[in-house]
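Starting from the known structure of chain A, fit chain B onto it as the hints suggest.
Residue numbers (numbering that gives the first Met the number 0), protein chains in the order written: chain A, 0 to 217; chain B, 0 to 216.
In case anyone wonders, no lab produced these hints; they're calculated from the structure.
None of the values given here were measured: they were computed from a predicted structure.
One or more hints might be untrue.
Reference listing, derived: stretches of chain B covered by chain A, where coverage requires no fewer than 3 residues with Cβ under 8 Å from a Cβ of chain A [unchecked claim]: (1) 33–45; (2) 102–111; (3) 174–180.
Ideal placement from N, C-alpha and C gives every residue a C-beta, glycine not left out.
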Amino acid sequence: MKSFYKVATLTVVMAVLAASALAQEKTPATAALANLAEGQATIASSGNPSWDGLSEFVLIPGASLMGASSTTTALYLGFTGGSEADIGNMVLYEVPRNGSTVIKVTKVELGGTQSPSIVLTNTSTCPVQPVSVTNPCIVRLDTVKLALSPLYDYYFTIYFTLDTNNEQIKGVGQTALPGALSGWYLYGDQTRIGVKGALPTNENSDQPPFFLAYVTNE
Amino acid sequence: MKSIFKFATLTVILTIMMFALSAYGFSAAKPENLERGVVGPVASNGSWSGYSVLALVPGAGLIPVTSTQTVFYLGFAAGSQADISNMVLYATPRGSSTITAVTPLTLGGVSNPTIDLASSTVCPVVEISAFNPCIVRLDPTKITLSALSDYYLVVYFTADDSNNSSIGVTYPSFSQTSLRGTYQSGDDTQLTVGKSIPLAITSFTNAPYLLMYVMTD
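Chain A on its own, in the form it takes in the complex:
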């Protein structure tokens, strides 16, 4: 009977050890910063409209994802002008590849809020002042707990509140080398489209986005 308990204990110990070892193997190593899609290679400032009351859609195509494995996504906004950006809302829409019907809507936040005000004259936000095309301010949004899949397309959508601050802000577009990203803008808050809703038609073709500069894993 003693042998019985010994072997039973051994069995349990081995199983626990094996499970523990496997669990450790599955823990990802400290991830290096990696692009999930090719970001904007150059910075510009031309073509910016007055952003008060406008929403920008930026397509992150699943077909352009580069295979970096990640369970999170970090989006970076680029500013080349203005003193304060007042954001009404930010979301990430998921749609079928090359489709426009929303499958999922994920909140995008900065500092824990979907409607942040970004003070571009603050050196803790934008270290090099004043913000300009030669000294762009790149703002990293909160990491989104979402693994981008090559089987879907994603539209990052940002709405700029109808106020005077937003009349002055400028994004990094329209660059000559937009990478895999493209965007267009529409009047009004376009961040409230629900699941099964349809995204508006992109009538601006494959123009570079104005604000979304990079899409990385962290």
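Okay, now just chain B, sitting in the frame of chain A:
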């Protein structure tokens, strides 16, 4: 003593199972892009009876994702049935037009499939359109794409075929893809090793017709 053997056996089985599960977990790779595929909205380009679609998959555009197989996805945006006479993949040295390998491409095990675009099992959203394109996944090809080669996917649509006269294949509205393409009348799928791709590489300036994605699975 019997108990000892029972538990010893159980221990071994448990360990093997856990390692097997572990190996499965690590090898069950999710689909990844091998090239930057077609992005954004697509348009429909019609009337393909008797035409060959040629799509260039440039070695220079390969994303460094390890894979022992390649899966091609075709897009249709109009029609009810596509009748394909043959599908092949030519390999050439990078930038060269001399064919070094010919690999048959299949769908459902055949190189001359008939694709029922009106079937909801083939195209979940019927009726297909530019807004609801039908993406057809070909059988995985046991080929590892190399950055040292270029690849040409060629699909020949059966001639004198009323179905093919009314189909529309996808054509990207955006040009942001690594894939390039063109087309011409006649069957370009019968070329052999040593022959040349029938069109100069400079003809492949447009985004591709038909070919949407090149993936690992």
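Hints, one by one, checked against the model:
no.	hint	result
1	33–45	holds (count 7)
2	102–111	violated (count 0)
3	174–180	holds (count 3)
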